[in-house]
Amino acid sequence: MKHNILNVSFLEYFQTQMATTSVTPGNETLIQVKLTSEEWNGVEIMEPEEEMRILKLIIDGFHSVNHVFNPHLSLMTRLKISATPEMEDYIFDEYFRKRIECVIATLENIADCSSKFEIHAKSKKTLKKMDLMRIQNMNTTFGGSGDTYDHHIMETIEAMVTSKISVAGAGATTLAAANEWMKHYYTLKLMLQKSVIGINTHIIEFANYIISLFSGDVNVIGFLRNAYRFIEQNEAVFKYADFQLYDHQKQLFTIAKRPGAKMVLYIAPTGTGKTLSPLGLSEKYKIIFVCAARHVGLALAKAAISMKKRIAFAFGCSNIDDIRLHYFAAKEAIRDKRSGRIRKVDNSIGDNVEIMICDIRSYLLAMRYMMAFHPLNDLLMYWDEPTISMDYKEHVLHPIIHRNWSGNLIPNVVLSSATLPREDEIVDVIQDFKVKFHDKQPEVYSVISHDFKKSIPIVNQGGFIELPHYMFGTDYDQVLECVEHCKMYKTLMRYFDLREILRFIALVTKPVVNNDSDDSDSEDSEDSEDSDSDDSDSEAHEAKAKKEHTENPDPDTDDNRGLIITSQRYLPDNMFADIGERVEISHKASSRLTFANGAVRAGKWLGQQGAGLYDMQDVLNLK
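Just add 5 to the spot in the sequence shown (first one is 1) and you have our numbering.
By construction, these hints were calculated from the structure, which means they are not laboratory data. We treat Cβ as the ideally placed atom computed from N, Cα and C, and that holds for glycine. There could be a bad hint or two in this list.
What the hints assert, rightly or not - DEER-style ranges, computed between Cβ atoms:
#1 ILE325 with ASP437: 42 to 50 Å
#2 GLU113 with GLY227: 44 to 52 Å
#3 ILE506 with HIS443: 34 to 42 Å
#4 GLU486 with SER42: 47 to 55 Å
#5 ILE216 with GLY47: 21 to 29 Å
#6 LEU414 with SER323: 19 to 27 Å
#7 GLY47 with ASP437: 54 to 62 Å
#8 PRO426 with ILE506: 37 to 45 Å
As the list claims (entries may be wrong) - Using 27 Å as the maximum straight-line C-alpha spacing, the simulated DSSO-like pairs for lysine-lysine come out as follows:
#9 LYS262 with LYS194
#10 LYS244 with LYS439
#11 LYS39 with LYS262
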């Protein structure tokens, strides 16, 4: 089927290709009923320690949006000792001097390593007995430097030097070894940028020495071609990352502190903290969190309870009496005389409620409940996925959503979704908000983010990763339309697989060589190497693999679906030939499986047609 980007968005096309569960009128995720006992029990389970750190960051970040911390401990931090010069020297001598001396000795095997690293002690003073006892206790408890950041830096240096030496020993820059040492080099540079307190100064000096020593050996082109390995497949990137708010959370919290009525259009990718942002907002406002999908509300409830936030639920409510308070939020309760545990709370008093979590059906009841205990200006309505079900002409939620918006009296509103329409697309909604709260000097803000930590590749029904230049065949105009669409909705770029992007860049930037042999493809040898097959780590093996690829191409290592577009369009039309030079466009089939798939597709298409004469142009809807 041929898709017009004006009618079908890039993401919508992907969704038609993916075998995922979609939201339908009868989907159980949208049911508007009371919480079950299992759901109540589920929200009582405390979040793990790592998640708790993130939750605390969101709460603390509301008060200081630039707050940053790193959970990793240096040796100094673990010992809880001040970083004096004598302590720095002692720690270094005790745990790291021998390791660094071994690395320096190894570096002597590299011909161009002319300089040596020398350590200059800053103090000759002896340590206090109390400090020595602390170090001894740490040796007993943790076995020395153990799981400390200083230790991990040294591990990275040792791993990088080892792989670098293997490259030099082989006499050639092999792919696997080169990729390995550059990964460690990149990791080391990242580690030195993190906000870890108390790292041994000698370790930092040595790490910077190593970086400067090998900076000239970094193959920028090779690094870019294999960036998916160094970034997305590098566990250390996330393992040692600093904890801080996303930029969109910083913007949201800053806007929330401003006076007057406000509506925030909050657009950010999934998995970047939108749903947890109400935890920070609850430091200033009493939040009414509206969600169509109950699992989202339950996830927020679990996080809030873990942080001792006082919450209430309004799910499947027919009247105000159906609202239920968590016992943290209870102002009055009946306790068991023997155990002292709370048996029943008084749900009619909501003075303590910080976050009210409700479904779409129950919003107005939840609003009136919170208005009974708090001034309107102290309330904030946070609507998660307000456009859900809007892709249907008719849906059971439509009249409820319309009723909620019309009946809303809260002057502070956050509409949150990764696919939320922009201001120019919901002019009527914005105007309605401004008119309703005209006496409160209403403002409308857009918080738009495209940040994400990892791409999510979209795989079509044929098992191939999809990208815009694979979607439209040779229709270059549609490719350009898609590009403009993605520029406007940059969140879609989350679905651009990094590896495929790098392949595309390598393809369109590949120099044109006037050579009749296939050796002109040598620049792409790294690109065609599969991440799971790093055994091609010698030139002989590469040459063999290349010969095999030419004679019997592998569809998994060289995806040619987009080559024709690039060949025809990205090279200027008026420069295909000149005096003494030419540009040759070749088409190579990766596998006979490609033709087999085409035959199957044609057969399925013919089964739906009447009698007539057809060709593949008809099957692909290209006429």
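Verification of the supplied hints:
no.: 1; hint: ILE325 with ASP437: 42 to 50 Å; result: violated, 26 Å
no.: 2; hint: GLU113 with GLY227: 44 to 52 Å; result: violated, 26 Å
no.: 3; hint: ILE506 with HIS443: 34 to 42 Å; result: violated, 47 Å
no.: 4; hint: GLU486 with SER42: 47 to 55 Å; result: holds, 52 Å
no.: 5; hint: ILE216 with GLY47: 21 to 29 Å; result: violated, 48 Å
no.: 6; hint: LEU414 with SER323: 19 to 27 Å; result: holds, 21 Å
no.: 7; hint: GLY47 with ASP437: 54 to 62 Å; result: violated, 37 Å
no.: 8; hint: PRO426 with ILE506: 37 to 45 Å; result: violated, 27 Å
no.: 9; hint: LYS262 with LYS194; result: violated, 37 Å
no.: 10; hint: LYS244 with LYS439; result: violated, 45 Å
no.: 11; hint: LYS39 with LYS262; result: violated, 34 Å
Checked against the numbered hints given earlier, the structure breaks hints 1, 2, 3, 5, 7, 8, 9, 10 and 11 and satisfies all the rest.
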